[in-house]
Amino acid sequence: MEKVRKEAIQSFATGFFVTVFLLVLVSIIVSYLFMGHEMEFEAIAGWLVYLLFGAFVGALLYVYTLLSGRIRLLEERLAAAEAGVQPGEKSGD
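The numbering used here applies: residue 9 is where the sequence shown begins, and numbers increase by one.
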(Lines of atoms letter the chains of each structure in order from A and count residues from 1; the text may use other names and numbers.)
(Lines give C-alpha, C1' and ligand atoms only; values in the text may rest on other atoms or scores of the structure.)
Protein backbone atom coordinates (compact mmCIF):
# COMPACT_ATOMS: atom_id res chain seq x y z
CA MET A 1 0.00 0.00 0.00
CA GLU A 2 2.91 2.31 0.69
CA LYS A 3 4.14 1.82 -2.87
CA VAL A 4 0.72 2.87 -4.18
CA ARG A 5 0.83 6.04 -2.08
CA LYS A 6 4.29 6.92 -3.39
CA GLU A 7 3.12 6.39 -6.98
CA ALA A 8 0.10 8.60 -6.32
CA ILE A 9 2.24 11.39 -4.85
CA GLN A 10 4.60 11.22 -7.82
CA SER A 11 1.61 11.34 -10.13
CA PHE A 12 0.28 14.45 -8.36
CA ALA A 13 3.63 16.22 -8.57
CA THR A 14 4.06 15.36 -12.24
CA GLY A 15 0.55 16.46 -13.13
CA PHE A 16 0.87 19.69 -11.18
CA PHE A 17 4.21 20.80 -12.58
CA VAL A 18 3.51 19.75 -16.16
CA THR A 19 0.13 21.50 -16.16
CA VAL A 20 1.48 24.74 -14.69
CA PHE A 21 4.48 24.68 -17.05
CA LEU A 22 2.29 24.18 -20.11
CA LEU A 23 -0.17 26.89 -19.06
CA VAL A 24 2.64 29.39 -18.50
CA LEU A 25 4.32 28.44 -21.77
CA VAL A 26 1.10 28.81 -23.75
CA SER A 27 0.29 32.14 -22.11
CA ILE A 28 3.75 33.51 -22.95
CA ILE A 29 3.49 32.33 -26.56
CA VAL A 30 -0.02 33.78 -26.93
CA SER A 31 1.14 37.02 -25.35
CA TYR A 32 3.99 37.42 -27.85
CA LEU A 33 2.06 36.29 -30.93
CA PHE A 34 -1.31 37.93 -30.49
CA MET A 35 -0.75 40.85 -28.16
CA GLY A 36 2.59 41.96 -29.55
CA HIS A 37 4.17 42.60 -26.17
CA GLU A 38 5.63 40.79 -23.23
CA MET A 39 3.36 39.24 -20.71
CA GLU A 40 2.77 41.40 -17.68
CA PHE A 41 4.07 39.57 -14.65
CA GLU A 42 2.06 41.74 -12.26
CA ALA A 43 -1.08 39.74 -12.98
CA ILE A 44 -0.99 37.72 -9.78
CA ALA A 45 -4.55 36.51 -10.23
CA GLY A 46 -3.58 34.83 -13.49
CA TRP A 47 -0.73 32.98 -11.83
CA LEU A 48 -3.00 31.86 -9.01
CA VAL A 49 -5.42 30.45 -11.58
CA TYR A 50 -2.56 28.52 -13.17
CA LEU A 51 -1.51 27.12 -9.81
CA LEU A 52 -5.07 26.19 -8.86
CA PHE A 53 -5.67 24.48 -12.19
CA GLY A 54 -2.37 22.63 -11.85
CA ALA A 55 -3.37 21.51 -8.36
CA PHE A 56 -6.74 20.34 -9.69
CA VAL A 57 -5.14 18.27 -12.47
CA GLY A 58 -2.58 16.92 -10.01
CA ALA A 59 -5.33 15.96 -7.57
CA LEU A 60 -7.23 14.13 -10.32
CA LEU A 61 -4.10 12.18 -11.23
CA TYR A 62 -3.43 11.47 -7.54
CA VAL A 63 -6.91 10.02 -7.01
CA TYR A 64 -6.75 8.04 -10.26
CA THR A 65 -3.35 6.56 -9.39
CA LEU A 66 -4.42 5.77 -5.83
CA LEU A 67 -7.60 4.02 -6.95
CA SER A 68 -5.94 2.11 -9.78
CA GLY A 69 -3.17 1.00 -7.40
CA ARG A 70 -5.71 -0.24 -4.86
CA ILE A 71 -7.60 -2.09 -7.57
CA ARG A 72 -4.30 -3.66 -8.70
CA LEU A 73 -3.57 -4.78 -5.12
CA LEU A 74 -7.05 -6.27 -4.77
CA GLU A 75 -6.64 -8.13 -8.06
CA GLU A 76 -3.32 -9.55 -6.85
CA ARG A 77 -4.91 -10.68 -3.58
CA LEU A 78 -7.83 -12.26 -5.43
CA ALA A 79 -5.51 -14.11 -7.79
CA ALA A 80 -3.44 -15.32 -4.84
CA ALA A 81 -6.56 -16.49 -2.99
CA GLU A 82 -7.78 -18.35 -6.06
CA ALA A 83 -4.40 -20.06 -6.33
CA GLY A 84 -4.43 -20.89 -2.62
CA VAL A 85 -1.29 -18.87 -1.92
CA GLN A 86 -0.86 -16.15 0.66
CA PRO A 87 -0.12 -12.71 -0.85
CA GLY A 88 3.62 -12.18 -1.10
CA GLU A 89 4.47 -15.89 -1.29
CA LYS A 90 5.66 -17.64 -4.43
CA SER A 91 3.44 -20.33 -5.86
CA GLY A 92 5.04 -23.66 -6.70
CA ASP A 93 7.94 -23.40 -4.24
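Read the hints as simulated data drawn from the structure, not as lab findings. Honestly, I wouldn't trust all of these hints.
[What the hints assert, rightly or not] With beta-carbon atoms standing in for the labels, derived distance ranges:
1) Glu15 <-> Gly92: 26 to 34 Å
2) Ala88 <-> Ser39: 52 to 60 Å
3) Ala67 <-> Leu33: 17 to 25 Å
4) Glu15 <-> Ile36: 46 to 54 Å
5) Ala88 <-> Ala67: 16 to 24 Å
6) Arg78 <-> Thr22: 17 to 25 Å
7) Gly92 <-> Ser35: 54 to 62 Å
8) Glu10 <-> Ala87: 33 to 41 Å
9) Ile79 <-> Ala21: 17 to 25 Å
10) Gly92 <-> Leu60: 16 to 24 Å
11) Val32 <-> Gly92: 49 to 57 Å
12) Glu15 <-> Trp55: 43 to 51 Å
13) Arg85 <-> Ala63: 45 to 53 Å
All C-beta atoms, glycine included, are put in the ideal place defined by N, C-alpha and C.
Structure-based check of all given hints:
1. Glu15 <-> Gly92: 26 to 34 Å: 29 Å, holds
2. Ala88 <-> Ser39: 52 to 60 Å: At 56 Å between Cβs, range holds.
3. Ala67 <-> Leu33: 17 to 25 Å: 21 Å, holds
4. Glu15 <-> Ile36: 46 to 54 Å: Distance hint for glutamate 15, isoleucine 36 is violated at roughly 32 Å.
5. Ala88 <-> Ala67: 16 to 24 Å: Distance hint for alanine 88, alanine 67 is violated at roughly 32 Å.
6. Arg78 <-> Thr22: 17 to 25 Å: 19 Å, holds
7. Gly92 <-> Ser35: 54 to 62 Å: 58 Å, holds
8. Glu10 <-> Ala87: 33 to 41 Å: Since glutamate 10 and alanine 87 have Cβ atoms about 21 Å apart, the given range 33 to 41 Å is violated.
9. Ile79 <-> Ala21: 17 to 25 Å: 22 Å, holds
10. Gly92 <-> Leu60: 16 to 24 Å: 50 Å, violated
11. Val32 <-> Gly92: 49 to 57 Å: Roughly 54 Å apart at Cβ, these two residues keep to the hinted range, so it holds.
12. Glu15 <-> Trp55: 43 to 51 Å: At 29 Å between Cβs, range violated.
13. Arg85 <-> Ala63: 45 to 53 Å: 33 Å, violated
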